[in-house]
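Chain by chain, the residues:
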Amino acid sequence: MLNHCFLCRNEDLKEMLESSKESLKLEAMKRIVGLIAKGKNASELFPAVVKNVASKNIELKKLVYVYLVRYAEEQQDLALLSISTFQRALKDPNQLIRASALRVLSSIRVPIIVPIMMLSIKEASTDLSPYVRKTAAHAIQKLYSLDPDQKEHLIEVIEKLLKDKSTLVAGSVVMAFEEVCPDRIDLIHKNYRKLCNLLVDVEEWGQVVIIHMLTRYARTQFVSPWREDAVFDENSEKAFYDSEEERRVDQSKPYIMDPDHRLLLRNTKPLLQSRNTAVVMAVSQLYWHLAPKHELSIITKSLVRLLRSHREVQYIVLQNIATMSIQRKGMFEPFMKSFYVRSTDATHIKTLKLEILTNLANEANISTILREFQTYVKSQDKAFAAATIQAIGRCATNISEVTDTCLNGLVLLLSNRDETVVAESVVVIKKLLQTQPSQHSDIIKHMAKLFDNITVSMARASILWLMGEYCEHVPKIAPDVLRKMAKTFTSEEDIVKLQTVNLAAKLYLTNSKQTKLLTQYILNLGKYDQSYDIRDRTRFIRQLIVPNEKSGALSKYARRILMAPKPAPVLQSAFKDRDRFQLGTLSHSLNSQANGYLELSDWPAVAPDQSVRIVEVVEPAGAPVFGKSKPGKSDEKFYSDSEEEEEEEEEGSSSEDSSTLACLSEENSDDSNKSSSSQSDSEKKKKTLKNKKLQQQKPDSKDSHDLALFLSQLHSFFLNQFLASSPVFVPETSRELLHRMTGKGLSAQYRFTRQPCIYGNSMVSLQLTLSNSSDQALENIHISEKSSTGRDIHRFNASERLEPQASVTVSMGVDFNDSTQAANFQLCTKEDEFSVSIQPAVGELLLPITMSEADFTKEQSKLVGMNESSATITMTPENVSSQSVNRKVVSVANLGVIPSSQENIHRFAGKTVSSGCLVLVSVALKDPDAVITINTENTVMASMLLRQFKTALTNSGP
Amino acid sequence: MIHSLFLVNASGDIFLEKHWKSVVSRSVCDYFFEALERATEPENVPPVIPTPHHFLINVLRHRIYFVAVIQSEVPPLFVIEFLHRVVDTFQDYFGVCSEAAIKDNVVVVYELLEEMLDNGFPLATESNILKELIKPPTILRTVVNTITGSTNVGEQLPTGQLSVVPWRRTGVKYTNNEAYFDVVEEIDAIIDKSGSTITAEIQGVIDACVKLTGMPDLTLSFMVNLDISSELNFACCFARQCTVTPVTTVFFSLVAIPVYVKHNISFREGSSQGRFELTLGPKQTMGKAVESVLVSSQLPRGVLNANLSPSQGTYTFDPVTKLLSWDVGKINPQKLPSLKGSVSLQTGASKPDENPTINIQFKIQQLAISGLKVNRLDMYGEKYKPFKGIKYMTKAGKFQVRT
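Residue numbers (this note's numbering), protein chains in the order written: chain A, 9 to 966; chain B, 49 to 451.
What the hints contain is simulated information worked out from the structure, not anything from laboratory work.
It cannot be assumed that every hint is accurate.
[Said to hold, decoys possible] Counterexamples of contact, computed for chain B against chain A with all Cβ distances above 10 Å:
#1 LYS69
#2 PRO124
#3 ALA149
#4 PHE169
#5 ARG323
#6 LEU342
#7 PRO348
#8 ARG349
#9 GLN414
#10 ASP426
[What the hints assert, rightly or not] To give a feel for the contact side, a few chain A residues facing chain B, derived at Cβ under 7 Å:
#11 VAL41
#12 GLY47
#13 LYS48
#14 MET183
#15 VAL216
#16 MET289
#17 PRO342
#18 ARG350
#19 LEU594
#20 ALA602
#21 TYR605
#22 LEU608
All C-beta atoms, glycine included, are put in the ideal place defined by N, C-alpha and C.
Let the hints inform the model, and build the full structure from the sequences given.
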């Protein structure tokens, strides 16, 4: 009957939907949504509803969407009818319509449309509206759960959206990242700093997700700040901006926090004030897992503030505080009173507060806490009273000063009228007595007297165990208790029966005269008991204690087995092992690993390459170099000829630069050396020539060295106008530094990363891969400090321990001073030292720069004469194409490609790493020949480069 | 993240369900009902319940359980906070958040839930933005809609959605530019048997009702008159439509307790009668009157009935829940209110172990018990002169007296 009615109703809904009146349709849809809300099935209306998907009425359309998302999975074929409408809506000029179309399209769980979804997501991810891009980020997860095979494509979209600068998108895309590819930590590197900086402006829900992700990230990228000798700088702003000197950390120096690590801590701190409790909790767990211990105190107050929030919030926050308070009592001790229990609290809140109070207890505050506990014991909530007794027990074992007080208090509770309270007290007393039984035989006697009145089996069992264990202290009472038990044995609970058997056995061994018969009686009862366990135990005990022919050897030891001194139980918190889970997570809350929980890794022993987070900033490359010039050195010979030369050279370049230079020379002219100035006057004519000489001269005299130094500094300043660019090509091949045979198991390979070195502007950055192919762990791998003469080397942080078959990648910087002479140093392990050397190819001593074609020709025209070297080669036919020329050149040398308007001329530009000299390379193709021209002041380098280019370009093959 | 949402009423019926991903059968709630049965009080249901394939996270507000179904790891507070936000939104839209209101507005509820979450991840939770997307139902609008056929659903993306201050619409205009602030302080305290304070804390909220045109910057300066042992901690946040609500938390270690209670509650062994006497009096109120006083106490289970006489106000005793409540009203310092009489115990029942705890609620107008004062309000960025007003109030939060 009911069913019939329902069908009727559906019929009239169908009619309404098919009518031409908009209001009737809307009314029908509202009733249908009502049905869905109640959980009733309305799927048979699908055909009638889906027709309205293109309705003009926006409310009607929305309701149709609601329906569609709910039932499309069940009616896949019909759902396809609606797809074209969404595809059209995706092109709508209104961003809200585009977004909602994408939302619905991606929510329809029909596998056939996966390609369409993929396409729409890709398109939406480049939409101008951040709101639509946010929707696209949400759609990524939907598509992933529908078809995990799309993972690779989706990761591409995630990568793109991670670069998005909109705060609206950030949270959603990180969410997608966490769901689809949480292990692709490498996608975060470049966006790390941006995410840190955007965080405050991201919407609250996004903040939670990002903070959790960054916590995980930081634990893989930074070294532990929890070192004893750590030194902290709250405002390491400085370290962040001019990293050069700060980073040149010697191993002997104490721990200095990575500036990126500090950035994260600094930028999350204000969020502790958020109104969203989830955000506050997220920041708190971030601090707990990442911050140096002494900075933890700031989260305490925020967490305590959350306790004023809703009951459910309190529950989660208290759980987390409970875990924290085990490890760090001091954090919450000042707020102890905030954890006092109110009679109106829910039971689970009360128990958690009790847990925390117990954790906080120490010698100083125990009396206050015990006084508070006394009121709790009297609580009407008996479960809570029982928990309090347990807590008292824990306090008593942890703080030896109060053990006696607690014990006396608990004994008083034995006369309580409530059975649960008494039972719990007995159990706790039993545990406490185990620590010091001899002094407390009167308590045991007291409990024996109570025995008849106690009915809770756990308590009865506890008393029996106590009797047996300490039967020597109560020689008269114990047999009597056994006698009583013999009478009631059959009606007892299993746990009590087991303890009775135990008691009998122990008495038999100590006092067999009185108890032999009783024991045998009980063992006989046990033999025919219904429970397996008791029959089993009886058989075992009988064999053990009653000597007969068969049992021989074992019964001799029966006394030692049964009466062995037993260690006292350790009463510890239920939250003891919760810290294996990340705080604030569901897994922590449940104390079991939830599906999709992402493990928080341990701190790495050695920080991975920090430079991965460096984002190519569009700013003058040489600027910091000049800012760091050491005036002490350059002042002396400041007013030298070369200075003026530079000025002349400047002519024609931007006036701004030269004016700055002029200012500079004025500034320093006071300190300038008169003689050198006159010298400069006299030599003015030959200035260009002289300059070249200086460049070529070996820095044998101090003067010329300083001069060269200053020159190079000027040069780098001069190069400001040209932007440093990222390397066009980074060779993957690594070279051997140390063979595993010579290294006694330690092998090392190095590779040029072609990135600007973070340790110093004149250094070439290198990546070292250390592997251990021996069968023992290698310890303390580092570069010896005394050995690295001749070359300025930034050592990598010592790798504390390298397990067998493991390898670690570290980065270091070497100042080759623009020469291809090898850098020699000692690679040391704990036991051995190995001399190694790195000889750089000339092309690695360069850094690419970009400039316009016009600038290139202008600079080239200045570097003529001796500064120019060229060669004509005959190209192999397959090398003629512009790609292959480009490829060959950039693989030989780390140069930037200059866009060229002439098809047959290829231009490349770079600067030397140490001195910053311009290196301009051009390859002019004149079929079948090619002319390679290199313009640079460093002619030694030029000739070497030329030779290499020649071989590279004439050789065929890749 | 959030898979599905079920609303369960006090009698344990599911009256609304909403799914954001594949449909989860409502039988998953059986685990919740089990927990509900086990709990002695409605509040005792654990907020997080694991089941073999899902996790249920629930909040209880207005006697409705909001049960969210989760399938994988998610910060539990994230879900709890969101559920509370849902309740706040319902309250905002319908005035009350009750089963009846939700059932009556089921379509709006559905539209709201659809906007608030996308694939289980919060999308728009600011009530300011939601109200532009879905207009709150009013009688007038319902009438207009039926006549003109217009709808409750906005067609444009709310401007707030794209801004970094999502709680503020752009281009707001008011005819009267006014800013009112209520400084409301709540005292949480536990007073022990002898009348000494065990713990006391003050939390203050500054409720703002600001109707100012444009986008002005406001600076509120305080005058704080505190001793060294007190600490002040501000936590600011913003919410509510066109108004700005910063919330302030104040921790004080020395708190002036404005009321005292003299009590004499005793049960004698063997007798079926107990004595019950309560007297309230003002203390440290800086001359202000203590108003709207309400005393409640959960009497022990053994109590059958209470036969009391109040010197002022009315009292009720519910023999089933054993809840005694006494509506005192205003405390007159010349004639202190008292409640005296006897309580009868179950015959044969033993004397209760513990005397009941007394919860007190009160209000004191024109007083901020912490001594906090608003000094001035400065406005920058706009040209007009706003009308300003300030009000102080002190209330009891969780104020308990142990007897």
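Each hint, compared with the structure:
The claim that B:LYS69 is not at the interface with chain A is violated, since a C-beta of that chain comes within 10 Å of its own (minimum 7 Å). Here B:PRO124 does not stay apart from chain A, with its beta-carbon only about 5 Å from theirs, under the 10 Å limit. The claim that B:ALA149 lies off the interface holds: its Cβ sits roughly 14 Å from the closest Cβ of chain A, which is beyond the 10 Å cut-off. Listed as a non-interface residue, B:PHE169 fails to keep its Cβ farther than 10 Å from every Cβ of chain A; the least gap is roughly 6 Å.
Distance check for B:ARG323 against chain A: the nearest CB is about 19 Å away, which clears 10 Å, and the non-interface claim stands. The claim that B:LEU342 lies off the interface holds: its Cβ sits roughly 14 Å from the closest Cβ of chain A, which is beyond the 10 Å cut-off. Listed as outside the interface, B:PRO348 is inconsistent with that label: its C-beta sits roughly 6 Å from the nearest C-beta of chain A, within the 10 Å cut-off. With 10 Å as the threshold on Cβ separation, the claim that B:ARG349 sits away from chain A is violated: the shortest Cβ distance comes to roughly 7 Å.
Residue-level check passed: B:GLN414 sits 24 Å from the nearest beta carbon of chain A, beyond 10 Å. Residue placement check: B:ASP426 keeps its beta carbon more than 10 Å from all beta carbons of chain A (closest about 22 Å). Nearest Cβ of chain B to the Cβ of A:VAL41: about 5 Å, under the 7 Å cut. The hint holds. Here the hint on A:GLY47 is kept, as its CB sits about 5 Å from the closest CB of chain B, short of 7 Å.
At a threshold of 7 Å, the smallest CB-CB gap from A:LYS48 to chain B is about 10 Å, leaving the interface hint violated. Hint status for A:MET183: holds, given a least beta-carbon distance of 6 Å to chain B, under 7 Å. For A:VAL216, the shortest C-beta to C-beta distance to chain B is roughly 5 Å, which falls under 7 Å, so the interface hint holds. Evaluation of the A:MET289 hint against chain B yields a held restraint, the C-beta minimum of about 5 Å falling below 7 Å.
For A:PRO342, the interface hint is violated, since its Cβ never comes within 7 Å of a Cβ in chain B; the closest pair sits about 9 Å apart. Of the supplied interface hints, the one on A:ARG350 holds, with its beta-carbon coming within about 6 Å of a beta-carbon of chain B, less than 7 Å. Because the smallest distance between the Cβ of A:LEU594 and any Cβ of chain B comes to about 5 Å, under 7 Å, the interface hint for this residue holds. A hinted interface residue such as A:ALA602 counts as satisfied when its beta carbon comes closer than 7 Å to some beta carbon of chain B; here the least separation is about 4 Å, so the hint holds.
Hint on A:TYR605 holds. Least Cβ distance to chain B is approximately 4 Å, under the 7 Å limit. Among the interface hints, the one on A:LEU608 is violated; its C-beta lies about 12 Å from the nearest C-beta in chain B, farther than the 7 Å criterion.
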